[in-house]
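K.L.:
Here is how the chains run, residue by residue.
Number of protein chains: 2
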Amino acid sequence: MPDSSSVPEVLFLMPQVNVKRVLDDLYTLREIGKYKTGVHRPTLSDDDMKTRYWLREELLKLGYDVHIDGVANVIGYSPTPGKKLLCGSHLETQNHAGWLDGALGIVYALEAARYLTESNKADVGVDVMAFADEEGHFGELIGSNSLVGNLTDEMLDKARNRTDGTPLREALARVGLATAPRTLIDRERYVGMFEAHIEQGSSLEVDENLIGIVTSIVGNWRFQITATGVQNHAGTTRMDMRKDAGAALMRMYNQIEQQFPLHAGSKTVWTIGKITLYPGAPSIVPGTAEMLFQFRDADENTLKHLKSVLEKIIQAENHNGPCEISIEMRGRSNPASMDEKMLREIEAAAETSASGKHVRMPSGAGHDARTIAQILPAAMMFIPSIGGISHHYAENTSDEDIALGAQVYVDAVTRILTP
Amino acid sequence: MPDSSSVPEVLFLMPQVNVKRVLDDLYTLREIGKYKTGVHRPTLSDDDMKTRYWLREELLKLGYDVHIDGVANVIGYSPTPGKKLLCGSHLETQNHAGWLDGALGIVYALEAARYLTESNKADVGVDVMAFADEEGHFGELIGSNSLVGNLTDEMLDKARNRTDGTPLREALARVGLATAPRTLIDRERYVGMFEAHIEQGSSLEVDENLIGIVTSIVGNWRFQITATGVQNHAGTTRMDMRKDAGAALMRMYNQIEQQFPLHAGSKTVWTIGKITLYPGAPSIVPGTAEMLFQFRDADENTLKHLKSVLEKIIQAENHNGPCEISIEMRGRSNPASMDEKMLREIEAAAETSASGKHVRMPSGAGHDARTIAQILPAAMMFIPSIGGISHHYAENTSDEDIALGAQVYVDAVTRILTP
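Residue numbers (our numbering), protein chains in the order written: chain A, 23 to 441; chain B, 23 to 441.
Since the hints were derived computationally from the structure, they do not count as laboratory data.
Hints are all accurate, no fakes.
The list makes no distinction among identical chains, and a pair is therefore deemed to hold if it is satisfied within one copy or across any two copies.
Straight line, CA to CA, 30 Å or less: simulated DSSO-like cross-link-like pairs of lysine-lysine:
| hint | residue 1 | residue 2 |
| --- | --- | --- |
| 1 | K56 | K265 |
| 2 | K265 | K379 |
| 3 | K265 | K58 |
| 4 | K265 | K289 |
| 5 | K329 | K289 |
| 6 | K58 | K42 |
| 7 | K265 | K329 |
| 8 | K180 | K72 |
| 9 | K265 | K334 |
All values derive from a computational prediction rather than experimental measurement.
Based on the provided sequences and hints, a complete structural model is requested.
P.N.:
What follows is the structure, encoded as C-alpha cells:
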C-alpha cells in the first residue's frame, strides 16, 4: 500500500487532483501480476487482461463508452461533446519488469478523466487509451500502429510472441478478441495526444528535476548483422585456415566501438542486445554468427550517417576477410518531434507546481506518442526513475514524485483543452 | 553403397585386408541414423545403441566375449591367449555430423580382429573397444575415463545431456544399462592401445600425405568467462553511464586477438565457441555476458603461459572497468605423448603401403587414446579428411584413402603384436 506520509500535505489539499486515488490505483495495478517489487504482465496474459478489464470498469463508472478492440487496445470515449484530448499509455509490461512503466500514464489519464468529469467541464474531455503491446511481445507498437492504420491484416497474421512463438491471432482468440473490430483513430475528434511516463533514465534524478518535457522521441534503427564463415573443428583447424564467424563479428564490433564515438551525436546510443554463434558448442569454430544491433538518435541525419559508417565498417571487414558479413535492417522508427504548443502548456503547468524543477529533453525510449505523432499533435512528460532503473522489477519512483507528476499532468491537460 | 571402382585393384588383391568388407561395414553404419550425407547418432540414442549391438554381433561371430558395460562401452575380448592390443574408437557422433568420425576406427579395429582370427595367429589378438561418449554428449570422454578409473559414481550421478539435460543415469536406464557393471582396463592384458581416426583437419590433404602418425594429442584447457555489468534500457541509458557486460567481453576478446599470437606456439589454437548476453533482448543493455573459451597445444608449458596471459588481459579489463570479468576453468585435458615404439611400427607399415606419403603430426583434437595413454602405451594414426571438414555432415574421405588406411592399420597392428 502507498505510504502517503511521504507526500507533502499541500498536494492532498489541492482541489484538482485526488492524489490518494492516483496512488491507490497504481498500487492496485501493482498487485496484478506482482513479481517481487515489480510486475510480470506480458501482452494478452491473464494478468494483462485483468488490468484491461479493470480500466474498462473504471471508465464505465465515469459514463464512458469503452471498447477493447481487435488488438486489445482499450479505448474509453468521453461522453462530453466538444474538444477532446487523447490520453493514455500502456498496461502490459516487459517480463518481470517495473510497476510504473505504462501504468503511470494510464492512471494519470484516468485521473484527468475523473477530474474533468467531476469538474463538470461539459465542453471538453479526455478519451483514455491503453495502447496494446507497446512492450513489443508480439511486434512493434502493435496497438498504436493499428490505430493510425499502419498495421495490415497480413502483418497481424505473421505476428508471433517473441518468447514462446504463439501467433498473435491465437493469443487474441484465447482472450475472446478473435472477431473484435480494430479501431482507427478519428483524427478530427482530437486536439492532440498526451502521454506521461517514467523517464527510464537518470537525467531528471541526477539534475534534481521533477518533470521532463519531451521535445522529441528518438528514432531507433535496428539491424541484424550476420557473419558467415566455415564451421570447423576447434582442435584440428589451424588459426590461419579458419573462417571464424564469431571472431569476424567481434572484430567488427571493435570497429564500432572505435568509430561510432567519432560520428555520433552527444546523445546517440548504440547497443548490441544479442549475439548468437552457430552451432554454439565449445569445441566448434562457429560457421555463422548473428548480432542484434541498434542505434538511436533524435536527429534522422545522424541516424543516416551512422548507418553509412556501419556499412563502411562491414565493407572493410569483408574486404579484409576471411568471412562475409551481411546486414539487414530489422526495424526502423524515425524520430518524432513533439508539438511545441502543447509543450508550452505542459511547461506552464510544470512551472506552477515544480518551479525551476523541469527540463526539456528528448526521449531515448520509444513510446506510442511517436506513432500517434504521425497523425496528431503529440506530447509527453516524464517523472523521475530512481537510479534510472528500467525494464527490471527494481524500477521505482517515489510516491511524492508520482503525486507531483499527477498534479502537473492534470493541470497540463486542462491547459491544453482550455488554453 | 561404396564405389569400389575408385579403389586400386591391388588393394583388393592384397591378402591381409578385406577392403570390400571394411567399406561395406562403414556404409552399413552410415545408414544407421543417416542424416543427409552424414549421420546423427547422439550417445545412447536408439541409433547409437543399434550400432553398439551391431558391433557386438560382429564380434560374437569371431568368437569374442563381448560386454556392453555400465556406461555403454562395448568391449570385445579376443579368445586367443598371448599378447593383446586394445584397438578401437567410438560409435556415437556429434549431432548431424560425419559418417567416419569414430566409425572408421571401430571398423579398422574390427577388420584387424577378423584378420588375426582368419590368419590363425593363435598367439596374439586384438580386443575391440567402442569407447562411449567420446563426443561429449554427457561429459568428457566418459567411456575411456571410466575404463581407466578416473570417473567416480558421483561424477556419473551429475552428468547430464548437454542438449536436453537428461541425466546420464536416466539415459542409461532407458537402454537397459542401469545395473550393468562398469569395466576397468586390465593393464596387464595389453601391450598398448591403438586408435585410427580421420584427421579432421586439412594438413594431410594439403601436403598430399595419406597417413598421419600421431606424435602427441594436444591438451585442451577450457574456460567460462563471465562479465557482470548492469542491465539497463538501451534507449534511455547514456553511453557514459553504461556498464555493458557484452561490450566488456568483446573488448576482452579483442585483447585476446592481439596478444595470443604473440605468446602462442606455432600450432596453438584458441576458440570462442559460444557467447550469451543476458537477457538477450534487442533493446536491453546486457547486464551479464558469458563466453566459452578454449585453447589447445601439445606443450603444457605453452598452455600454462597462455592461461597467465588470459588472466592478465582480464585483470587489465577489470582495472579499466566499468564491468567485472571473472574466469572459471571448465575442463582441462593435458597433452599426451604417443608411444615411440608403436609409432615406429606404424611408420614402417605406412612406408610399405604409402611410401613417402606419411607424416608425423600432433593431433589437435582430443581422442580416447589421450585418456588411455595415462595407463598404457598408446598410438594413433590418421587418414585424410576431404577439405578438412569435421563435425559436419559433409565430412568425408575417399574410399581409396579409407582402403589404404585399413591396409596400413592392420599391417601396423600385426607389427606391434609380432615385432
